[in-house]
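Undergrad: Starting from the structure of chain A, add chain B where the hints point.
So the protein sequences, as listed, match chains A and B. Under the numbering used here, think of the first position of the first sequence as 1, with each following residue one higher. Under the numbering used here, think of the first position of the second sequence as 1, with each following residue one higher.
These aren't lab readings, by the way, just hints derived from the structure by calculation.
Calculated Cβ distances over 10 angstroms to all of chain A for the following chain B residues:
#, residue
1, Glu64
2, Asn65
3, Asp74
4, Gly116
5, Arg149
Example chain B residues on the side facing chain A (calculated, C-beta under 10 angstroms, incomplete):
#, residue
6, Glu10
7, Gly14
8, Arg49
9, Lys123
10, Val124
11, Cys125
12, Pro126
Source: prediction; values computed, not measured. C-beta: ideal position from N, C-alpha, C; glycine also.
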Amino acid sequence: MDLTSGQVKPQPIGDDFALQYVGGRGFGAKLLYDHLERIKGPLDPSNVIIIAPGPLTGCFLPASTKTSFVSLSPQTGIYGDSSMGGNWGVELRQAGYDGLVITGRAKELSYLWIDDGDVRLVPAGRLAGRGALEAAGMIKGEVGDDDVKIAVIGPAGENLVRFACVNCDWSRNAGRTGMGAVMGSKNLKAVVVRGSRDLPVADLDRLRRATEASLAELQSHHLFKFWQEQGLMSVIDYVNSAGVLPTRNFRDGVFEGAERINGFVMEQHYKIGDAGCFACPMCCSNICLVKDGPYRGTVTEGPEYETACMFGSNLGVDDYSAIVRANQLCDELGVDTISTGSLVGAFIEACESGLLTAADLDGRALSWGDHVGILALVQKIALREGVGDVIAGGARAVIERWPQMEPLILQVKGMEQSAYDGRATLSMALAYGTCDVGASHNRAWTVAKELELGATWGLEEKADIVIYHQTVRPLFDMLGVCRLPWIELGFDENHYPEFYSAITGVESTLDELLAKSRAIYDLTRIINCSKGVSRKDDYAPRRLFELPIQSGPWAGKKIDRAEYDALLDLYYDKRGWDRDGIPPAEVEGQFRGRVG
Amino acid sequence: MAKRLTVVPERCSGCRLCELACAIHHHGVNNPKKSAIRVMVAFPHPVIRMPIVCRQCGQPKCRENCPTNAIARDNGVVRIDAESCIACGQCVITCPFGAIFLHDDLELPFKCDLCGGDPQCVKVCPKQAILYQPEHIAGQAHRMSSMLRYAHMKEVTYVEEGEQKKLRYAEIGKPEPKA
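With the rest of the complex left out, here is chain A (with noise of 0.2 angstroms):
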């Protein structure tokens, strides 16, 4: 879909193309890499955006739930990339779409209208300035049915905040690389959806006997009930008592006001009921409500564990009410709570060290825990209001602003870090420092794992298990399936060939997709190398190796260069990429030429 022009040019998928790519973030990355040299810039119209679920999405088996958005990321300039769960995957694959490749730009705002295979650009200049969720009421009503999904912006998205996500079911986002700012970018205000087709299955039986297994596999598990309950909440207590709860901007490890913010607090004071992605057995997801307080009537889907350290800990929030206010203001005005949480936390470390004063945050300085202060800052960045304006350019624009601000930033290419701490396990540096997006958990989450079992580890197995959840993570991701069940309750990934073969009726084994999954991971390099990208921005965030972790049980606990940079070289060699991290050139040939 060109929207400069208002063309559409349906395409079907060679079978080449849907083998080698497989889906959602496959086909994204090699589309992306087909248009590279004909983009300006990632806010740029020649931009493109390709939204796409994979082939399981939609499909009768544990949380088929996940589309991915791909585009330049004008958070970080490089390859960028960011899933949400939900619905909408499931609605465009029965509309009959694989994925939407979206360039140019509409010249009103506009949303698209994609009912059962017709595709239409709708003006939509009265939802200019609308929240997300808001505006998503608005198009239900216009439609007249409430059951089409809606993948919609917020102001911020509209205002180019470069870390804007995308929003549907009111509360699943595709969060991180600034998606939504590239949809405003567009006048995209949103993808609205409505699909009634089959999906093809080439053995439905053999699916279902797969997924039965696998249901009761899953619902056997020790912990499926208290994760139905809590979630990914359940998961502060742990993170906090392992000493790795981002705390005060990263610098302590532990928080005081932990059991203030946790899983039992939301299950008992606020939580009204829970919510899940599509056929997910999970429902991770916990609707809260504030029933007293400043913030009474608030009502959220969330917060998960992300939200809750980043708006929580990490700013010194022990109220748990502010930081369900947090999370709604988020969502309607579609920023990633984990970047906007960060750079917060760098403010109110500076205003709190004298690096800032005041007069730097437009008169209202910041300290740790002040909700109030932190969620006007929130809604300024958002509106691009006085010093949000340069917040809104993200980790770079700050620091280009107060130079003095860079140790304080924790971001790795452009992106603020995720919501655990890297210092106390050097796998989790890596992970950090190697993404193909930036600081962001989504590629590789060794921490537990390291902790759990690491003590004996080398560099050997810390490079190997980096490179593998690198590997098996974005494959969820190309397949459009949550990787929860497998990461949270240990459902074992040898299933996913099962079902992949079930479905598309090409037989597969687990290491067939790992290899394609692998070959993607060095797609997004070739990528990001072509942007600029070498051994000098595969650090771990500055902090990780400056400030020792204050307190805890990791306290003193800080990443030694040295030992970085031996790892860094053995995952080089181990990826065959050589020492600057640039990818041999014979890599490249498998993924020229036009392919479907």
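TA: This is chain B only, laid out in the frame that chain A set:
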């Protein structure tokens, strides 16, 4: 004993596994839009998720309003007769629960038939939000909770094996002592 499909909305997470299992069982296709059960979701005002399913009414409105008498209740299941149905959609509009459905690919309206006494939605639901129970159990949760609300009137604390415990009871028939 007659059994009923009942729904506990507050347990539903909105995952739609029931829709998939239903469509696969009845139509042999992976298509939640062809299921005879639908999960409705409202958020944030009000917040509720609820599977909509045929109650197999004793006096079915769909039957009353069917112009060709194609709907009959047989052995506790309300069925649409394919021979006499003219697919006018009157039953779809008339059902007070919206539990009869239409789909472009399908000639006739379709609805729940309890899968011959072994409802697939009940089996697949990971939250026990859909139950298939003897009829006399319907409403039991409400009866129990209204009784418990009454019993909250009085409380006695006691110690058992060193642990402080509470027992709630109602002193039926005795007036409240004046404070």
